[in-house]
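According to UniProt numbering, the stretch in the sequence shown is residues 1 to 262, in order.
Simulated from the structure, these hints should not be mistaken for laboratory data.
For every residue, glycine included, the Cβ atom is placed at its ideal position computed from N, Cα and C.
Treat the hints with caution; some may be incorrect.
Okay, the calculated beta carbon distance ranges per label pair [claimed, not checked]:
#1 Glu42 to Ala112: 27 to 37 Å
#2 Leu168 to Asp27: 39 to 49 Å
#3 Ala145 to Thr17: 48 to 58 Å
#4 Pro118 to Ala21: 38 to 48 Å
Calculated pairs, SDA-like style, for lysine to any residue (alpha carbon to alpha carbon, straight line, at most 25 Å) [claimed, not checked]:
#5 Lys99 to Ser34
#6 Lys218 to Arg234
#7 Lys218 to Asp55
#8 Lys218 to Val28
#9 Lys218 to Glu162
#10 Lys218 to Trp136
#11 Lys218 to Pro132
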Amino acid sequence: MGSGSEVDDDAVATSFTDLVADGAAADVSGWDFSWLDGRATEERPPWGYARAMADRLGTASASLDLQTGGGEVLAEAGRIPPTAVATESWPPNVAHATKLLHPRGVVVVNCADEPPFPFADNAFDLVTSRHPATIWWDEIARVLAPGGTYLAQHVGPASAFELIEFFLGPQPSGRRHRRPEDEVRSAESAGFEVVDLRTARLRIEIFDVAAVIYLLRKVVWWVPGFTVDGYRGRLRELHEQIQREGPFVAHSTRHLIEARRR
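Model the full assembly from the supplied sequences, consistent with the hints where possible.
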């Protein structure tokens, strides 16, 4: 990383151009972030969601994984219930999840991430989700059998906002969204008892602008309408900042929530 010394303008320009090309060409299908190895790091939450999810799947008879992405987390489970369904709305992820999960006996359903879910009342005893973009508590309660469990890892408030606000400017209203205490109230209103809630704030380090481009192409709701050409000026500023100061630091927030339908 940069030490604060002056850098040859042509070298910076060449490096910036190459990094932009790398980030723009990277495959962003699926929900596997291994392309970022060596380019960015993020602390992991202490509770181990994939392991907790696998434990619940081990005793379930009918499961639903909402907004499964590319199916990577669900595919890690050692046992899949006799009836297992996953939903996804983004076509590249649907194709990726189908390829990954069908051999495990999981039916992948291409449907919108909003009500009504295309499932009968009381159809599942376990509903899971990792980083859902939307949480429809009433609909989750409808498809869960009485006594059934919702286990999920949610994105918390102001997650990665240092990066988001670098491109969009201050987002004071956005910082109030996704607060875990609000989600607990919504869950309870839908007929759930929240039996576990844990929160974490996790450090992100981004080592080059290619990683930024990859993230903003993949996590499209962070900077809606992002294009390299549209944000080239800010990308260059961020590149030069990383050259001078070292990794760009942001923080993600996560919470684990387990709720039981009364």
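Hints, verified against the model:
| no. | hint | in the structure |
| --- | --- | --- |
| 1 | Glu42 to Ala112: 27 to 37 Å | holds, 29 Å |
| 2 | Leu168 to Asp27: 39 to 49 Å | violated, 26 Å |
| 3 | Ala145 to Thr17: 48 to 58 Å | holds, 56 Å |
| 4 | Pro118 to Ala21: 38 to 48 Å | holds, 41 Å |
| 5 | Lys99 to Ser34 | holds, 18 Å |
| 6 | Lys218 to Arg234 | holds, 18 Å |
| 7 | Lys218 to Asp55 | violated, 29 Å |
| 8 | Lys218 to Val28 | holds, 5 Å |
| 9 | Lys218 to Glu162 | holds, 17 Å |
| 10 | Lys218 to Trp136 | holds, 23 Å |
| 11 | Lys218 to Pro132 | holds, 15 Å |
Going through the hint list in order, the structure does not satisfy hints 2 and 7.
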